[in-house]
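Protein chains in written order, with our numbering: chain A, 1 to 162; chain B, 1 to 109.
Read the hints as simulated data drawn from the structure, not as lab findings.
There could be a bad hint or two in this list.
Computed beta-carbon distance windows for the label pairs [what the hints assert, rightly or not]:
(1) B:Gln90 x A:Thr94: 40 to 50 Å
(2) B:Leu26 x A:Gly20: 53 to 63 Å
(3) B:Asp25 x A:Lys2: 30 to 40 Å
(4) B:Trp35 x A:Leu8: 30 to 40 Å
Since the model is a prediction, treat every value here as computed from it, not as a measurement.
The C-beta atom is built at its ideal place from N, Cα and C for all residues, glycine as well.
Each chain is listed here by its residues.
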Amino acid sequence: MKRPLLLLIAAFALAGGAFGLCYFAGSRVCVWRAAPQTNALGWLQQEFHLDAVEMARISALHEAYKPVCQAMCDRLAAKKRELVQALAAKSGVTPEVERSLSEIGALRAECQTKMLRHFQEVARSMPAPQGERYLAEMERATLGLSIGHEAGMDMSASHEHP
Amino acid sequence: MNSPTPDPGDEPLRRLLRDADLKVDLPPRFRESVWSRIDAASRQPSGKSGWLEPLVALLFRPAIAMAGLTILMIAGGLLGAQSGRAGADQEARARYVASVSPLIRVSAP
Chain A
1 MKRPLLLLIA
11 AFALAGGAFG
21 LCYFAGSRVC
31 VWRAAPQTNA
41 LGWLQQEFHL
51 DAVEMARISA
61 LHEAYKPVCQ
71 AMCDRLAAKK
81 RELVQALAAK
91 SGVTPEVERS
101 LSEIGALRAE
111 CQTKMLRHFQ
121 EVARSMPAPQ
131 GERYLAEMER
141 ATLGLSIGHE
151 AGMDMSASHE
161 HP
Chain B
1 MNSPTPDPGD
11 EPLRRLLRDA
21 DLKVDLPPRF
31 RESVWSRIDA
41 ASRQPSGKSG
51 WLEPLVALLF
61 RPAIAMAGLT
71 ILMIAGGLLG
81 AQSGRAGADQ
91 EARARYVASV
101 SPLIRVSAP
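Please model the entire structure based on the sequences and the hints provided.
Written out as structure tokens, the structure reads:
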């Protein structure tokens with residue numbers, strides 16, 4: 001009575017193991033095959049089906065934008081360090097904290113403006129439908145548009161503070 | 001347990017056994033014990049393992065076992081590849097976005 005049941009359990013375990021092993025192997029092979037795409041622009045070319053001429057144009061734009069992006073990163077990181085130092089004093093929202101926050105806000109806006117300009121330039125270097133899709137995706141990914149709680153907010157609902 | 005009920009058709013066998021020149025002393029209630037074991041053995045397949053044994057026998061047929069295993073392995077490989085492709089794509093996309101967004105790069109740990 002017990003032997004057939006044990007055999008059945010063993011068969012299911014073997015089948016599950018074989019399935020799991022193949023699932024893991026299939027997944028690893030795909031990740032490994034995608035690994036040469038380490039260049040950040042590789043995804044862009046594959047996702048938006050860009051040809052060599054379009055890619056050359058976009059690569060040039062990307063290379064030109066890199067130092068701008070790096071400079072913004074450095075300035076933003078420095079401002080964040082200032083804010084952390086001001087907050088470390090634990091004296092509440094001092095004028096220094098306030099100033100630091102507003103500078104970070106201004107810097108964020110400047111970053112977003114430069115990013116948007118770059119995205120628009122890149123989008124113009126693609127065929128129109130891909131360009132529109134690229135722009136929408138980048139705006140969503142970097143500016144937080146149409147995602148998160150703001151998108152799900154019921155704007156007609158009353159919003160009162162105590 | 002039910003008491004053993006000898007088949008009346010077994011009379012010739014019983015007569016033969018009775019007439020046989022037995023050299024060994026059988027334990028008491030030997031015949032009843034034999035019949036009771038036969039009875040118990042004949043009842044067993046109608047229990048829970050009634051469907052299990054044929055199922056196991058079917059699954060363990062070489063052709064069916066190989067076919068099942070092959071299908072499972074192919075399905076596992078394909079699903080794994082699909083999942084790996086989606087993961088790699090997400091990773092590549094995130095890499096590109098991080099390369100163009102100072103806001104994401106600075107807020108990353």
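Status of the hints after comparison with the structure:
1. For the pair B:Gln90 and A:Thr94, the supplied restraint of 40 to 50 Å holds, since their beta-carbon distance comes to about 42 Å.
2. A hinted range of 53 to 63 Å holds for the C-beta pair B:Leu26 and A:Gly20, which are about 58 Å apart.
3. At roughly 37 Å, the beta carbons of B:Asp25 and A:Lys2 sit within the given window of 30 to 40 Å.
4. Look at B:Trp35 against A:Leu8: about 33 Å separates their beta carbons, and that is inside 30 to 40 Å.
Checked against the numbered hints given earlier, the structure satisfies every one of them.
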